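Undergrad: Spelled out from the first residue to the last, the chains are:
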Amino acid sequence: MTLLRQRLAAIDSTRGVWVALVITLTVGGVLVYADGGSLFHQSSIVSMLQRAAGLGIVAIGQTFAILAGSLDLSVAYVISLTSLIAAETMAGSEGNVPVAIAAVLAVSAGIGLANGLLITKLRINAFIATLGVGLLIKGYLEQGYAGPAGSVPTSVQRLGYDRIGPVPLSFLLMAAVAVAAWVVLQRTRFGHHTIAVGGDLDVARLSGVRTDRVLIGTHIICSICAGITGLYLASRLGAGAPRVGSEGGYDLESIAAVVLGGTVLAGGRGGVAGTVGGVALLAAIDTIFNQLAVDPFFKQVVRGVVIIAAVAIYALRRRKAGRP
Amino acid sequence: MLLELSEVSKSFFGVRVLHEVGLSLQAGEVHAVVGENGAGKSTLMKIASGAYQPDAGAIRLAGQAVSFRGPREAQAAGVGIIHQEFNLLPERTVAQNVFLGHEPSRRGFVDRGAMHARTAELLASIGADGLSPDATVGRLGVAQQQIVEIVKALALDARVLIMDEPTASLADHEVQVLYALVRKLQQRGIGIVYVSHRLAEVFDLSNRITVLKDGRLVTTLDTAQATPEALVRHMVGRELAHYYPPRATQAGTERLSVSGGGNAKLRGIELRLCSGEVTGIGGLQGSGRSALARALFGAQPFTSGQVLLDGRPIRLRSPRSAVRAGIAYVTEDRKAEGLTPRQSLLDNALLATRAVRPQWLGQRARAANARQLLAGIEVHAAGEDQEIRYLSGGNQQKVILARWLAMTPRVLLFDEPTRGIDVGAKAAVHDLIRRLASDGAAVLMISSELPELLGMSDRIVVMRDGAIAGELPAGASEEDVVGLATGTRAAP
Ligand SMILES: Nc1ncnc2c1ncn2[C@@H]1O[C@H](COP(=O)(O)OP(=O)(O)OP(=O)(O)O)[C@@H](O)[C@H]1O
Ligand SMILES: [Mg+2]
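Protein sequences, first through last, are from chains A and B. Residue numbers 1 to 324, in UniProt numbering, belong to the letters of the first sequence in order. Residue numbers 1 to 492, in UniProt numbering, belong to the letters of the second sequence in order.
Calculated directly from the structure, the hints in this document are not laboratory data. This structure is a prediction, so every number in the text was calculated from the model and none was measured. Backbone N, C-alpha and C fix where the C-beta goes; we use that ideal spot for every residue, glycine too. Check each hint, because a few of them may be wrong.
Taking CB as the label site, the calculated pair distances span [what the hints assert, rightly or not]: (1) A:F127 <-> B:R16: 35 to 41 Å; (2) A:R163 <-> B:S318: 51 to 57 Å; (3) A:G110 <-> B:K265: 52 to 58 Å; (4) B:R106 <-> A:L117: 29 to 35 Å; (5) B:A65 <-> A:L117: 29 to 35 Å; (6) B:Q306 <-> A:G249: 51 to 57 Å.
Below 20 Å or equal to it, Euclidean Cα-Cα: the simulated SDA-like pairs (lysine to any residue) are [unchecked claim]: (7) B:K213 <-> B:F12; (8) A:K121 <-> B:Q53; (9) B:K213 <-> B:A226; (10) A:K299 <-> A:I45; (11) A:K121 <-> B:A51; (12) A:K138 <-> A:E88; (13) B:K265 <-> B:A299; (14) B:K213 <-> B:R16; (15) B:K335 <-> B:V142; (16) A:K138 <-> A:F127; (17) B:K335 <-> A:D202; (18) B:K265 <-> B:G305; (19) B:K184 <-> B:Q26; (20) A:K138 <-> A:L113; (21) B:K335 <-> A:R205; (22) B:K265 <-> B:S304; (23) B:K265 <-> A:R318; (24) A:K121 <-> B:R69; (25) B:K335 <-> A:A266; (26) A:K121 <-> B:R72; (27) A:K299 <-> A:S38; (28) A:K138 <-> A:V107; (29) B:K184 <-> B:F203; (30) A:K138 <-> A:L105.
Below, a sample of chain B positions facing chain A; criterion: calculated Cβ distance under 7 Å [as the list claims (entries may be wrong)]: (31) A51; (32) P71; (33) R72; (34) N87; (35) L89; (36) L100; (37) E103; (38) V110.
Working from the sequences, and respecting the hints, build out all of it.
TA: This is the structure:
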């Protein structure tokens, strides 16, 4: 009985965003319908899920960094870089695909490692360290590339477009990443230690947690997730693009999705389920506004309001629960 | 020898805080370590448990030379510690906290069933079955958190267990549980280092006592051969007979009164605080003592009833309104509510006065006043610019006292004012409280230490279950207080 209640309480902390999602879809559905369209038409659902997939994978990675009390601003540039590495290594040939995937994973893991080492060993603030690494990659990309490069074989491009019923393959990929992340956070020692490090670094250290390793690990996971997104975007575009990450705003959007999902920016509390909800909410808002064809400026205003409102509600609820 | 520290030295930022200190521990021995605030007790314990590395000196464990690069290595070698400050994650459950860093796992996954069962077992083994392994730690009271802290150390299966002021936040009956536990561990052959300011505990439990002063080893004595007087002389370097300052000779005028006060945690509170008087608040942990102080300070305001300050109705909606009305509050949880850890000692002392008066007004005079107060209560630190988180626990407490004294408050609320404070300073704080009262302030003092409560109070109000169980005059006995607090005796 107590276990059940505990479970419910655990769900409760990330439930808010799902409630918001249902409300948004209902209100949006009515608005779109009144406008003469349909939000639940197959094509809009597909576009919603596709939007969610790319951001979702990055945001799940970002959840690890944020839960550990850190943050990664380099993800957008990692995405651009890995999309290029993928497309250029494949160079239109299917035989190169395994090498390309390996290269993407290795490079992104390397960047994550660099971020983690800067933060733990040189004790550079995560904001500055990952921003610096991001700018470094940006410089490299701007110097080396003017536009799209490389090419992705058509069989791989299918990953970007194929679907089972209304569900795109890419969305299934995200779902798989989400489930894996959930298992890691809930069921492994690394996951427990991640939350402990974010909750209180000193407590974790004095309890015998290898805090540096944990922080580095979360940054590697975060970067690899960005790399996977880079792969996915390359498959959609058919080529690598030097600005696909930054133009997509994946850095700040992923952080916004995590926070929308109820994970505390300071770390130590939250989880993947909320992040997926946050991503879905952002995708729903996007799709609704696209369908309504309103001013994109207005769309940004609404997203801003939603994010602020969400965080304010979380803060209020916590205060009500009597915790600072 | 199970554990042997020899010639251990340590400096922080060029200031030497330990000078070639030695300490030895046998299996099945309880070795008490005592000394004034800032003597270096916690630092020595942190070195023994791997949290700090010594600058010089050696550590031997069961004859083997060891050097711990971190707490993890010390734990693996069988050295566990209960730190002076809480080391728990408020957002996580009891079981998750207890096994943090060494979660049982099966095939790469955390074995939550085993974790839960082991935690329940450990809780039961120290008679704390009432505590659920699934409870969220942040929702527990201080005493229960202390129990979690103890269980966390037990879960390590340590050969050496260091306890740094484990009873500071425990009530008397919980202290008894801890005693039993210490004796049980002792029988199992575990060596225990026991740091405490409560000399009675030291004499009850220990086989040997080591005294530190100013980072140096003064002496190590067999407890059987020691007397409290001798021990105090070693600690403070002079004779010190602890007596409580004389009580108020006449009742003062009414300063603050509450009628029908209530909120989520309190009901039907009728209370009078008079200038010149110390009103003691007794009761068990969780009986609403701190809730009462928090209500009077506007931190968790009364939702019903009326409060009069100097005869005028006043609404205490927030701590700010209370501070402006001249009410000061020294909280029970120093780390979470008392300090701005990264600010200097002087900034911390000036916090309250700066909050209510414009920054530019009387800046210098205020700083000078704060310095004088700090000097008056003998804060032991490298300098006024030192970040307060680096001060020893007892010295942090003194800075907080200075902060509120700087406001010359009309009403003072003390929640466990001498927690973690050494004997010499304790007498000074008691004198100070009494002096504030005779200067006209109304003092409310919550204390779990019965001798302190009885020795200091002009009246004792005892609480039970969020209400006032009764009032006792000065001169009441310990039995009277306990009887009222537990409900086994009716109000006189
Ligand atoms: N991390 C640190 N950095 C700088 N100074 C420190 C640090 N830790 C402790 N000190 C200083 O070392 C001295 C000894 O502190 P310690 O905490 O060991 O005292 P203590 O004997 O445990 O006192 P208390 O009874 O108040 O707990 C103090 O002067 C304190 O200011
Ligand atoms: Mg100490």
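Undergrad: For every hint, state whether the structure bears it out.
TA: Comparing the hints with the structure gives:
1. A:F127 <-> B:R16: 35 to 41 Å: 37 Å, holds
2. A:R163 <-> B:S318: 51 to 57 Å: 56 Å, holds
3. A:G110 <-> B:K265: 52 to 58 Å: 54 Å, holds
4. B:R106 <-> A:L117: 29 to 35 Å: 32 Å, holds
5. B:A65 <-> A:L117: 29 to 35 Å: 32 Å, holds
6. B:Q306 <-> A:G249: 51 to 57 Å: 56 Å, holds
7. B:K213 <-> B:F12: Given pair K213 of chain B, F12 of chain B holds - Cα atoms ~17 Å apart, limit 20 Å.
8. A:K121 <-> B:Q53: Holds. K121 of chain A to Q53 of chain B sits at ~18 Å (cutoff 20 Å).
9. B:K213 <-> B:A226: 17 Å, holds
10. A:K299 <-> A:I45: 19 Å, holds
11. A:K121 <-> B:A51: 18 Å, holds
12. A:K138 <-> A:E88: Between K138 of chain A and E88 of chain A the Cα gap is close to 18 Å, so the pair holds against 20 Å.
13. B:K265 <-> B:A299: 13 Å, holds
14. B:K213 <-> B:R16: 13 Å, holds
15. B:K335 <-> B:V142: Within the cut-off at roughly 12 Å; holds.
16. A:K138 <-> A:F127: Measuring from Cα to Cα gives roughly 16 Å; hence the hint holds.
17. B:K335 <-> A:D202: 13 Å, holds
18. B:K265 <-> B:G305: 14 Å, holds
19. B:K184 <-> B:Q26: 16 Å, holds
20. A:K138 <-> A:L113: Holds, at about 18 Å.
21. B:K335 <-> A:R205: At roughly 18 Å apart (the allowed maximum being 20 Å), R205 of chain A and K335 of chain B satisfy the hint.
22. B:K265 <-> B:S304: Status holds; Cα separation ~12 Å.
23. B:K265 <-> A:R318: Since the Cα atoms of K265 of chain B and R318 of chain A sit roughly 18 Å apart, the hinted pair holds (cutoff 20 Å).
24. A:K121 <-> B:R69: Holds: K121 of chain A and R69 of chain B sit about 15 Å apart, inside 20 Å.
25. B:K335 <-> A:A266: Distance of about 19 Å is within 20 Å: holds.
26. A:K121 <-> B:R72: With a Cα-Cα distance of about 18 Å, the restraint between K121 of chain A and R72 of chain B holds, given a limit of 20 Å.
27. A:K299 <-> A:S38: 19 Å, holds
28. A:K138 <-> A:V107: 15 Å, holds
29. B:K184 <-> B:F203: OK: K184 of chain B and F203 of chain B at ~17 Å, within 20 Å.
30. A:K138 <-> A:L105: 19 Å, holds
31. A51: 6 Å, holds
32. P71: Hint on P71 of chain B: holds, closest Cβ of chain A at ~5 Å, below 7 Å.
33. R72: Since chain A brings a Cβ to about 4 Å from R72 of chain B, closer than 7 Å, the hint holds.
34. N87: This interface hint holds because 5 Å falls under the 7 Å limit.
35. L89: 4 Å, holds
36. L100: Holds. Min distance 4 Å.
37. E103: 5 Å, holds
38. V110: With a closest approach of 6 Å, the V110 of chain B hint holds.
Every hint, counting from the list given before, is met by this structure.
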